[in-house]
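Chain order of the listed sequences is E and U. First residue of the first sequence? That's 1 in our numbering, and the numbers climb one at a time after it. First residue of the second sequence? That's 1 in our numbering, and the numbers climb one at a time after it.
Among these hints, one or two may not hold up.
Stretch-level coverage of chain U by chain E, calculated; a stretch enters the list once three of its residues show a Cβ under 8 Å from a Cβ in chain E [claimed, not checked]:
1) 3-16
2) 66-80
3) 268-278
Straight-line alpha carbon distances no greater than 20 Å define the calculated PhoX-like cross-link-like pairs of lysine-lysine that follow [unchecked claim]:
4) U:Lys237 to U:Lys98
5) U:Lys47 to U:Lys172
6) U:Lys67 to E:Lys18
7) U:Lys191 to U:Lys237
8) E:Lys67 to U:Lys18
9) E:Lys172 to E:Lys47
10) E:Lys67 to U:Lys172
11) U:Lys286 to U:Lys172
12) E:Lys18 to U:Lys172
13) E:Lys18 to E:Lys30
14) E:Lys28 to E:Lys129
15) U:Lys237 to U:Lys47
16) U:Lys18 to E:Lys232
17) E:Lys92 to E:Lys114
18) U:Lys286 to U:Lys47
It is worth saying that the hints were derived from the structure and are not from the lab. Note that the Cβ used here is the ideal one computed from N, Cα and C, for glycine as well.
2 protein chains.
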Amino acid sequence: MDGLELVSSNKIYGGFQKVYSHESSELKCKMNFSIYLPPQAEGGDTKLPVIFYLSGLTCTEQNFISKSGFQRYAAEHGIVVVGPDTSPRGVKIQGDDKSWDFGISAGFYLDASKEPWSSNYRMGSYLNKELYDLIISAFGNVVDPARIGIMGHSMGGHGALISVLRNPGQYKSVSAFAPICNPSTCPWGVKAFTGYLGENKNEWKEWDATELVKKYNGPPLTLFLDQGAADKFYIEKQLQPEILVEACRSVGVPVILNVRDGYDHLYYYISTFIAEHFDFHAKILKA
Amino acid sequence: MDGLELVSSNKIYGGFQKVYSHESSELKCKMNFSIYLPPQAEGGDTKLPVIFYLSGLTCTEQNFISKSGFQRYAAEHGIVVVGPDTSPRGVKIQGDDKSWDFGISAGFYLDASKEPWSSNYRMGSYLNKELYDLIISAFGNVVDPARIGIMGHSMGGHGALISVLRNPGQYKSVSAFAPICNPSTCPWGVKAFTGYLGENKNEWKEWDATELVKKYNGPPLTLFLDQGAADKFYIEKQLQPEILVEACRSVGVPVILNVRDGYDHLYYYISTFIAEHFDFHAKILKA
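Whole structure, please, built from the sequences with the hints as guidance.
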């Protein structure tokens, strides 16, 4: 099927959690992605909505599918869920394994413009063009290209937000757990943007949700943001949802920010609120 | 608190998933265990039921708490959930790390009688005496000693079944996912029993659920067994629930066996049916 190789398939909540690998032309390496096919996908006579889920720093496509418990809600709503990996794999660029917040498993869902990263670290185009198109073509009997949403966690929350803002209309719904909201002004983001994009801060604005929302003029969109109040990265100002909320309000883009008392940054937190996020997406994608 | 050291605490579904470590006198080493305190535990003025959960081969106390999603159901029912590790840790016995199905993370919830295992590999007494008593004393303001159940997966399903059958009345409810039902006659069990107990097969009978149920004469008990039909270990006859069911029927012990079409041996399977198991235990423990 379109160069896809099945890595694993496990029944869960009546559907199948699958992992495939494929050769990516954008990233010039072999990549894994996960896809959950809910029970409604069987037979293939109904086209279902899709949600892309983007993981955070240090993750692969495995964390979300084994720890969040999302399959229960995807099965209830009849939604296909796709999860890419978080960076190119196995390309061996000098320095790519030196830190947990840059290089391997830290692709930041952008297209690098600086050497030596620019030829492989193209997660933005990989996600929004190559994988997006691949899902629509390879699973064309199951997925409805007109009803695709996106969500993510931490670095992946940033990825979800910039993907929806940079590609108006391509995703109909968006939500984020503990997203990095203004990477140009937090330590993780400054490190990543300096490394992947260089010193030109005008270029940074093209990959920063807080900057992008200020010039968004696509179809109506509500940003659904979630944040644990006991998240140490929130407290250390890596995430800064308030800055994004202020930017949204300044330009009239609807935004919801749920701050969850006592919750931290981990999948324990995500698993508690993943049902609410699926409800939010389903309301839009199944309207 | 009684020599307990807090390793981690994370909010999930309104309660807290905690991990503690303590020095075990039975095992002569430091052990971790998990405890989920549901939201109903706050304040400490209601005593709640408890379920012990025993993990399978290769696991620690982490797998179940991060992959099964049980916390949603423990929170809904108001049940405390305790999960021990699967073997002594850090005791360094020759050969303890040579295979994944014997030694480290493969304690089989029994008391070894054969050297060199007999001084540390006492998971039976650790679970049913030391940890059981520790939970009741250290969490005495929260747990109700009269309403304790037990469940487990694979090797841990075996552990749950033998614990309830060897200690009549100590656990009021029992269920098992893909349990090793007749270890005396399957490759995993023969290897473990030979190693921990030696060649005397009369001794094996004391740690084999199928043998123990034939002479059970404790309080009324229903065994709730669950099995994925696509589980390769089931197909290879490591698990053999039908043999246990036959033994139960021969002596009139009520038994339920749910065979789940298409499901395998992993946490994807467990997470799909964990809600049913909590419903089963809650019906008994909250009657």
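Consistency of the hints with the structure:
Given a C-beta distance limit of less than 8 Å, the hint that chain E covers the region 3-16 of chain U holds, as 5 residues qualify and 3 suffice. Residue count for the region 66-80 of chain U with a Cβ under 8 Å from a Cβ of chain E: 5. That meets the three needed, and the coverage hint holds. Look at the region 268-278 of chain U against chain E: 4 of its residues bring a Cβ nearer than 8 Å to a Cβ of that chain, three or more, so the hint holds. Our distance criterion of 20 Å between C-alpha atoms is broken by Lys237 (chain U) and Lys98 (chain U), whose separation comes to about 23 Å.
Using a Cα cut-off of 20 Å, the hinted pair Lys47 (chain U) and Lys172 (chain U) holds, with the two alpha carbons roughly 16 Å apart. Proximity of Lys67 (chain U) to Lys18 (chain E) is assessed by CA-CA distance (about 16 Å); at most 20 Å being required, the pair is judged to hold. At most 20 Å may separate the alpha-carbon atoms for a hinted pair to count; Lys191 (chain U) and Lys237 (chain U) meet this at roughly 14 Å. Annotation: proposed proximity of Lys67 (chain E) to Lys18 (chain U) holds, straight-line Cα distance about 16 Å (limit 20 Å).
For a cut-off of 20 Å, the pair hint linking Lys172 (chain E) to Lys47 (chain E) stands: about 16 Å separates their Cα positions. Proximity of Lys67 (chain E) to Lys172 (chain U) is assessed by CA-CA distance (about 30 Å); at most 20 Å being required, the pair is judged violated. Our distance criterion of 20 Å between C-alpha atoms is met by Lys286 (chain U) and Lys172 (chain U), whose separation comes to about 11 Å. Taken as a hint, the Lys18 (chain E) and Lys172 (chain U) pair is broken in the structure, with Cα atoms around 38 Å apart against an allowance of 20 Å.
Between the alpha carbons of Lys18 (chain E) and Lys30 (chain E) the distance comes to roughly 17 Å, so the proposed pair stays at or under 20 Å and holds. Simply put, Lys28 (chain E) and Lys129 (chain E) have alpha-carbon atoms about 14 Å apart, close enough for the 20 Å limit, and the pair holds. A distance of roughly 41 Å separates the Cα atoms of Lys237 (chain U) and Lys47 (chain U); the hinted pair therefore is violated under the 20 Å criterion. Proposed proximity of Lys18 (chain U) and Lys232 (chain E) is supported: the alpha carbons are some 18 Å apart, at most 20 Å.
For the given pair, Lys92 (chain E) sits about 16 Å from Lys114 (chain E) by alpha-carbon distance, which is consistent with the 20 Å threshold. With a C-alpha separation of about 11 Å, the suggested pairing of Lys286 (chain U) with Lys47 (chain U) holds against the 20 Å cut-off.
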